[in-house]
Amino acid sequence: MLRVAGVTARYGNITALRGVDLHVSEGELVCLIGPNGAGKTTLMSAVTGLLPVTAGRVLFEGEDVTRDSPDALLRKGLALVPERRRIFADLTVEENLLMGGVTVAPAERRRRLKEMEELFPVLAEKRTLHAGYLSGGQAQQLAIARALMSEPRLVLMDEPSLGLAPALVEVVFQLIQDLKKRGTTLLIVEQNAKKALAVADRAYMLRTGEIVDEASGQDLDRWADLFEAYVGG
Numbered sequence: 008m009l010r011v012a013g014v015t016a017r018y019g020n021i022t023a024l025r026g027v028d029l030h031v032s033e034g035e036l037v038c039l040i041g042p043n044g045a046g047k048t049t050l051m052s053a054v055t056g057l058l059p060v061t062a063g064r065v066l067f068e069g070e071d072v073t074r075d076s077p078d079a080l081l082r083k084g085l086a087l088v089p090e091r092r093r094i095f096a097d098l099t100v101e102e103n104l105l106m107g108g109v110t111v112a113p114a115e116r117r118r119r120l121k122e123m124e125e126l127f128p129v130l131a132e133k134r135t136l137h138a139g140y141l142s143g144g145q146a147q148q149l150a151i152a153r154a155l156m157s158e159p160r161l162v163l164m165d166e167p168s169l170g171l172a173p174a175l176v177e178v179v180f181q182l183i184q185d186l187k188k189r190g191t192t193l194l195i196v197e198q199n200a201k202k203a204l205a206v207a208d209r210a211y212m213l214r215t216g217e218i219v220d221e222a223s224g225q226d227l228d229r230w231a232d233l234f235e236a237y238v239g240g
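Sequential numbering of the sequence shown, starting at 8, is according to the working numbering.
No lab work stands behind these hints, which were simulated from the structure alone.
Backbone N, C-alpha and C fix where the C-beta goes; we use that ideal spot for every residue, glycine too.
A few of these clues could be false.
[Said to hold, decoys possible] For lysine-lysine, the following BS3-like pairs were computed, each having C-alpha atoms within a straight-line distance of at most 27 Å:
1) Lys-187 to Lys-201
2) Lys-202 to Lys-188
3) Lys-83 to Lys-187
4) Lys-83 to Lys-121
5) Lys-188 to Lys-121
6) Lys-202 to Lys-187
7) Lys-121 to Lys-187
8) Lys-83 to Lys-188
9) Lys-201 to Lys-188
[What the hints assert, rightly or not] Taking CB as the label site, the calculated pair distances span:
10) Asp-226 to His-137: 40 to 50 Å
11) Leu-98 to Leu-57: 15 to 25 Å
12) Ala-114 to Asp-226: 25 to 35 Å
13) Gly-190 to Asp-226: 16 to 26 Å
14) Ala-96 to Gln-184: 22 to 32 Å
Please model the complete structure; the sequences and the hints are all you need to start from.
Here's what the structure looks like:
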């Protein structure tokens with residue numbers, strides 16, 4: 008479904024990604040882990056059109072989308088749950104969700120709204136509340152639901168557990184597992200390696216802008232045990 012082929016990206020004179028290769032197949036949950044500053048968020052920005060790719064290609068469902076804008080990619084079925092949620096604090100929960108469905112027809116948007124409120128009951132309870140008053144866990148659920156409103160083929164999540172209390176981390180990862188069971192294809196950047204690897208089908212490790220390892224199956228357990236020592240080395 009998604010193939011990143013030899014992607015390089017820069018911030019000014021700083022090369023943040025160097026020839027990155029990865030792929031995500033339909034129905035997979037693929038995790039990207041690495042230390043702070045490794046380029047994980049940069050890769051998500053490059054894939055979603057928020058940062059220009061200076062070399063290499065991004066292919067989505069076989070189509071070269073390297074130069075596509077973020078809104079064009081959203082319409083093609085690629086949605087991002089950004090780092091630190093970035094919900095619209097001055098809008099209500101319902102208005103945030105409707106904004107997420109701006110690319111679909113009005114009748115479909117209303118159907119999706121009802122579906123999100125069934126999938127995320129706390130959002131139904133808070134639908135008329137301004138999003139700025141939500142707790143961290145509630146805000147993260149809103150960010151995920153907003154992305155799902157566009158009925159995406161692929162969802163990218165950037166640090167979904169960042170800044171959450173342990174109990175809320177459990178809630179978010181349960182949601183991720185539920186989405187996986189529903190057949191949602193996911194690419195997740197996550198610093199909480201043990202949690203992420205416990206639900207992933209495959210994983211990549213990124214360091215200093217390069218993929219340095221790939222794991223699947225039983226190797227994911229090995230990675231979870233060694234991750235802290237690895238990234239600290």
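So, going through the hints one by one against the coordinates:
{"no.": "1", "hint": "Lys-187 to Lys-201", "verdict": "17 Å, holds"}
{"no.": "2", "hint": "Lys-202 to Lys-188", "verdict": "17 Å, holds"}
{"no.": "3", "hint": "Lys-83 to Lys-187", "verdict": "20 Å, holds"}
{"no.": "4", "hint": "Lys-83 to Lys-121", "verdict": "22 Å, holds"}
{"no.": "5", "hint": "Lys-188 to Lys-121", "verdict": "20 Å, holds"}
{"no.": "6", "hint": "Lys-202 to Lys-187", "verdict": "14 Å, holds"}
{"no.": "7", "hint": "Lys-121 to Lys-187", "verdict": "20 Å, holds"}
{"no.": "8", "hint": "Lys-83 to Lys-188", "verdict": "22 Å, holds"}
{"no.": "9", "hint": "Lys-201 to Lys-188", "verdict": "19 Å, holds"}
{"no.": "10", "hint": "Asp-226 to His-137: 40 to 50 Å", "verdict": "45 Å, holds"}
{"no.": "11", "hint": "Leu-98 to Leu-57: 15 to 25 Å", "verdict": "21 Å, holds"}
{"no.": "12", "hint": "Ala-114 to Asp-226: 25 to 35 Å", "verdict": "46 Å, violated"}
{"no.": "13", "hint": "Gly-190 to Asp-226: 16 to 26 Å", "verdict": "24 Å, holds"}
{"no.": "14", "hint": "Ala-96 to Gln-184: 22 to 32 Å", "verdict": "28 Å, holds"}
Hint 12 from the list above is the single one not met by this structure.
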